[in-house]
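J.: Here are the chains, one letter per residue:
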Amino acid sequence: MQFRKKDLLGIKHLEPEEIDLVLETAEIFKEISTRPIKKVPTLRGRTVVHLFYEPSTRTRTSFEIAAKRLSADTFNISASTSSIVKGETLIDTAKNLEAMNPDVIVLRHSAAGAPHMLARHVKASVINAGDGMHEHPTQALLDLFTIRDKKGAISGQTIAIIGDIAHSRVARSNIWALTKMGARVLVAGPTTMIPKDLDQLGVKVFYRPEDVIPEADVIMMLRIQLERQDQMLLPSLREYSRVFGLDEKKLSSAKPEVLIMHPGPINRGVEISPAVADGPYSVILDQVNNGVAVRMALLYLLIGGEKDE
Amino acid sequence: MSKLIRGGRVLDPASGLDELHDVLIEGRMIHSVSPPGSLEAKPDSSLTIIEADGLWVVPGLIDLHTHLREPGEEYKETILTGSQAAAAGGFTAICCMPNTKPVNDNSAVTDLILRRAMEADLVRVFPVGAISQGQKGEMLAEYAELKEAGVVAVSDDGRAVVNSQLMRRALEYARIFDLPVISHAEDRDLAGDGVMHEGLVSTRLGLREIPGVAEDIMVFRDCSLAALTGGRLHIAHLSSAGAVELVRQFKARGVQVTAEATPHHFTLTDEALESFDTNLKVNPPIRSSSDLAAIHQGLADGTIDAIATDHAPHSTIEKDVEFDYAAFGMIGLETALPLTLRLVDQGLLSPLEAIAKLTRNPARIIGVDLGRLAPGLPADVTLIDPQREITVDVKQFRSKSKNSPFHGWHLKGKAVMVLRDGNVIFRDEP
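Protein chains in written order, with my numbering: chain A, 81 to 389; chain B, 1393 to 1822.
Any given hint could be a false lead.
What the hints assert, rightly or not - Here chain B is said to cover these stretches of chain A; the calculated rule only asks that three of the stretch's residues, wherever they fall, bring their Cβ under 8 Å from a Cβ of chain B:
1) 99-109
2) 112-122
3) 138-150
4) 271-277
To be verified - Straight-line distance between alpha carbons at most 20 Å, and here's what the computed EDC-like set of lysine to aspartate or glutamate pairs gives:
5) K276/A - D1608/B
6) K335/A - D229/A
7) K92/A - D1608/B
8) K1804/B - D1737/B
9) K92/A - D1581/B
10) K85/A - E1745/B
11) K92/A - E1666/B
12) K1643/B - D1608/B
13) K175/A - D1581/B
14) K175/A - E1666/B
15) K276/A - D1737/B
Derived by calculation from the structure, the hints in this document are not laboratory data.
Note that beta-carbon positions come from the ideal geometry of N, C-alpha and C, so glycine has one too.
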């Protein structure tokens, strides 16, 4: 099987077989990162541009390491250093980048649909590294990889996603990904942060974490944006933490083999207590580690395929 | 200087006429509308015969809701290009909204618009004045001066009137001048910084949402104020199911309220936004299929009186950007007619009902004696080929802006000749 898409814009339009292919390929690439010399020539001479309109440490570093381990040349353009601050439009930026013939553009942007627009204007493959509240497909893929790695399979697992669903691209991509792969998805979060008709995406909607924790094989905690209380979505972070934060007390009702995941960066003591984040069930750092393998796999599948023979 | 429009199917909603008739125009006026052959004029060199076999002959279309962008944003549209687009779309009269730069809240701006319209010498342009000074929602604009200068209604279109007291006073004060108050009904706090309709699609796309009730609440408020004051209220671009039902109820109570719907709101649903096409970003937003069904029902049962375009030109500067950053609005003058005819094809409206919503009804709402074919009235007449198949091509549009999501659509029906005051202002050159 081949990965036929030019771009990776979201999980929504991926077939389960394509997701499987990414995960299988990542399995192979994971080994490279354990070698003393962590570099293969697969993408030598290829150019990967990281275009980040939002601050990001983890995702950008992960992409950059992935590209470098495949020997691609990488360039970073971020909002603070570029013509973005001079008012250039995304399409103009895209045309200028296009003129320099990159092979892949990795885009992080605060507006939903920005990667889709970019993809229409460039010949390069576009990877969505997070667009507004819409999708964060590589995060969902690395989450799938982590679940499969730890649990052996995704199908049949019960995944609880807890927190601010409405504003979370991680939640949206994971809901697509998990339901496509046959997992059962429960969500729990404040009523003010559950978007309309969410149940129609094939998930069961609850409000209190206590209602989903006992059934969960995997608990995914979401990051809460600290400014939400100004938008009348929450009375206070203190109350949010009390009702929705994952601490040892709430975790005591969980299954013995439960996995705790978080896309990061975590707000310690807000949505997750330090004891839980650093505790025995946490696979948060495995997620980060797997992110490199998954992104290597994607770069390879998008632009490395034909050079491999 | 006479013209005989011969052999067409004359649709005149005001008289209920829907038959093959001839229309004789003398100078600027309609002379007579009579059964075929009865107007066989004597051979006369000054008589022009217009063969209308297979065509509909209807009163010139009237758009209650156009943004002409002049003065202030002439790079998007001018009174001339907007008038050209209107004529090509079959319109002989358009009402232009006051949210220009500067705002049309005084006679100087109204005068300028009317002077430019006269220079263009195409469609009639009826300016709409502002409800409040500068459309700021604080103090009433000077309706006496505006009325004298020629405005036919007042509206703060584009910006809902937040202050209920101001809306009350506007409805009261506008009564003196018999001006309808056109409401852009939107609770601005609930709409917030939303960019699309709230529902399953906004949940999927992660785009910030505008709930249907943001419209319902304001429609209820404004209808209640119309009931209280006896003012004449017109609701612009009705889009939500709840708002349609509210208008229906208030009408049943005898409150003086009328309403319009746009072709995009009776044609599209929010599913289309999966494309992230910024031409679909409009305010009020394209709503769900159940809202669409309610709009259809409202059009069919007469709750919605008029079809209006909300023609809102924007250039690529406003539209070739991320969805969140794009301006609200799409153009509509050159697609309104074929999209309306789809409703006829679908059996939702009779040809007479459809034409009424584009002619007689809007004329009534703004209080002008147009939109009907009767002797002694100005000869504003549109000839429509209802069977003509077209592929929408924004590059062919007269409008200066091209922000239409209907590009590439296959539609049926086209204005082939448009006369205003007896003069041909548009002729289709195939």
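J.: Output the indices of the hints that this structure fails to meet, ascending.
T.: 1, 2, 3, 7, 9, 10, 13, 14 and 15
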